[in-house]
Amino acid sequence: MTTLTLAKALNEGLRAAMDADSKVLVMGEDVGKLGGVFRVTDGLQKDFGEDRVIDTPLAESGIIGTAIGLALRGYRPVCEIQFDGFVFPAADQIITQLAKMPLRSLGKIKLPVVVRIPFGGGIGAVEHHSESPEAYFTHTAGLRVVACSNPVDAYTMIQDAVRCDDPVVFFEPKRRYWDKADVEFGAPGLPLDRARVVREGDDVTLVAYGPMVKTCLEAAAAAEEDGRSIGVVDLRSLNPLDMPVVREAVERTGRCVVVHEAPIFSGLGGEIAARVTEQCFYRLEAPVLRVGGFSTPYPPSRLEDHYLPDLDRILEAVDRVFGY
Amino acid sequence: MTAPTAPPELVQLLTPEGERVEHPDYDIDLTAEEIRSLYRDLVLVRRVDLEAVALQRQGELGLWASLLGQEAAQVGSGRALTDADMAFPTYREHGVAWCRGVDPLHLLGLFRGVNHGGWDPYEHNFHLYTIVIGSQTLHSVGYAMGIQRDGAEAATIVYFGDGATSQGDVNEAFIWASVFNAPVVFFCQNNQWAISEPLEKQSKIPLYKRASGFGFPGIRVDGNDVFACLAVTRAALRNAREGNGPTLVEAFTYRMGAHTTSDDPTRYRVADELEAWKLKDPIERVKAYLFKNQLADQEFFDKIDAEADQLGKDLRARCLALPDPEPGAMFDHVYAEPHALLAEEREQFTTYLAGFEGAQ
Ligand SMILES: Cc1ncc(C[n+]2csc(CCOP(=O)(O)OP(=O)(O)O)c2C)c(N)n1
Ligand SMILES: [Mg+2]
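In order, the protein sequence lines correspond to chains A and B. The opening position of the first sequence corresponds to residue 6 in my numbering, with each subsequent residue numbered one higher. The opening position of the second sequence corresponds to residue 28 in my numbering, with each subsequent residue numbered one higher.
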């Protein structure tokens, strides 16, 4: 067991993936000498060389487009998008090419490309550095979309994402990069497409992913003092959704609140709410509620605490779900 | 364009030692008053920048992107603009903002996280900062196409970095400008670095040479020479206004500070490089020129320093006094027209906040 930050756990996971398979490449802006702006790729270029850890020109479309070419040639590129708000120049390559090319080849082509994206707010950043663009990608067939929430999962999930033969959009909760946990090297994790119950509860189930898992756990701990038993499910996989795990947790409580930083409107919470309603209808005591961002662009940092779901917002929704 | 001998690769009119030099294609005739005023701008923008860095260190700004070392490129090009010209900045053009008359407090507001910009782009013909690398180059070309269609006597200038030249948007902007003969000046500040990546990661040829492939002229200017930056940009803007299309100006300079206050350049570049560029300081050479030619005395320099200190002090006080926006402000200006969803969310949010007031 070693105590690692989430960023370092990703780093160790990438290192293990590169050790295991010489076809694994890391590419992106500032991933080499600097080790990425969050140091997730720290030291990898030194140890694996410039051919495997590539500082690319400053062009996101180029990063993903060339990663596709490398994948066609048998490589497994792990691409870093520096911040969530900068994935959009690459959206064309991701949506029109990466997601669809394998199907067009009737399965002859595999594109094991990982697109790593630090996402979410809470770090006091300027515009375009705090976005939660996951729904754009979960809405795109052909992509697997995952989000880690803690160092232990980060370590295994990044390795599983690299091993996966499908393109994986891998969201990293940037405000949790410095959170620490004990990680066991070499230990296998839960499969990439599985959700995890991170806290059992009898009264209401919170469903979250990425940075909001920790916030939900804190809310659950606070609610316990008031005698409320709240369960928390960490989705981990956003496409596909692990509905059996969600269903079982919600059937136990009869109440469900979905929490994400992204705007509620047209967000992933809507999909989850619809599915929970369809699958747990007769067990539900109340409609599925959603807590999330507003239908505004991410606000300037002095307002982000008002925008981001916090304990109060979550517990207020918990109160409401009991009001039905 | 059939000069028997090629002009020097770098247009320079004032050496680092403060000597005036001639260039066959560019010259500039500046009065003593004009030179003193350029000097003043250089000193004042550096002071604004220093104050902002200090404010960030003290936790008053979330971030700051320093222009240290790039003052001449920004003041020279900024002062070349007429009121009718339109400038499109990145996030580092504090010196250009200054020349356009934008209150530096607005820049601090953005980096403090009070708003995403907030100045009126039309008031000073200085567009909002653009953080997404390269996007603004296309906007500037579109704006220039508008100028063209209006038959107006104006041009646009768009700022971007060496790293930005790799972006698709920037290359598309070059194509558009060329095909439509748009009145735009592409002003690339090659400060040698894109965060940790040196220029070799973006280009195998000098950046100004890229222009010829797109079908318009490219010029490399000493970006630490305010005279040359002014002369070259003025000529390029005039050319654009006269209907002769775009020009790429590569201002060859150096990012003396970190990429932003979040960055640690010791991880990727050597101190020697910095030392070499210190000798090419954009302000020292103007000072030396003014001194040597007895165009200014110590009293003048002292006066400018005092003015700079006062500016810094004043800016600091006004920055600290910047009120945080009202929570509801995040719902403002998202749409120009009434919007049902937003109205509903604003209403819910207001009720939610009011609930806390009752509880206290
Ligand atoms: C599309 C996009 N990708 C990545 C970034 C992150 N980023 C901010 S500044 C920067 C480097 C820019 O270098 P350059 O164009 O040379 O300008 P400089 O900062 O040196 O002035 C990067 C990669 C961004 N802002 N936008
Ligand atoms: Mg640069």
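The hints are simulated quantities; they were obtained by calculation from the structure and are not laboratory data. Don't take each hint at face value.
So the derived label-pair ranges between C-beta atoms look like this [as the list claims (entries may be wrong)]:
# : chain 1 : residue 1 : chain 2 : residue 2 : range
1 : B       : E199      : A       : Y287      : 34 to 42 Å
2 : A       : R168      : B       : E384      : 37 to 45 Å
3 : A       : G275      : B       : S64       : 32 to 40 Å
4 : A       : T282      : B       : D341      : 56 to 64 Å
5 : A       : A291      : B       : E364      : 32 to 40 Å
Positions of the beta carbon are idealized from the N, C-alpha and C atoms, including for glycine.
Now for the hints, and whether the structure bears them out:
no.: 1; hint: E199/B with Y287/A: 34 to 42 Å; verdict: 55 Å, violated
no.: 2; hint: R168/A with E384/B: 37 to 45 Å; verdict: 53 Å, violated
no.: 3; hint: G275/A with S64/B: 32 to 40 Å; verdict: 59 Å, violated
no.: 4; hint: T282/A with D341/B: 56 to 64 Å; verdict: 59 Å, holds
no.: 5; hint: A291/A with E364/B: 32 to 40 Å; verdict: 35 Å, holds
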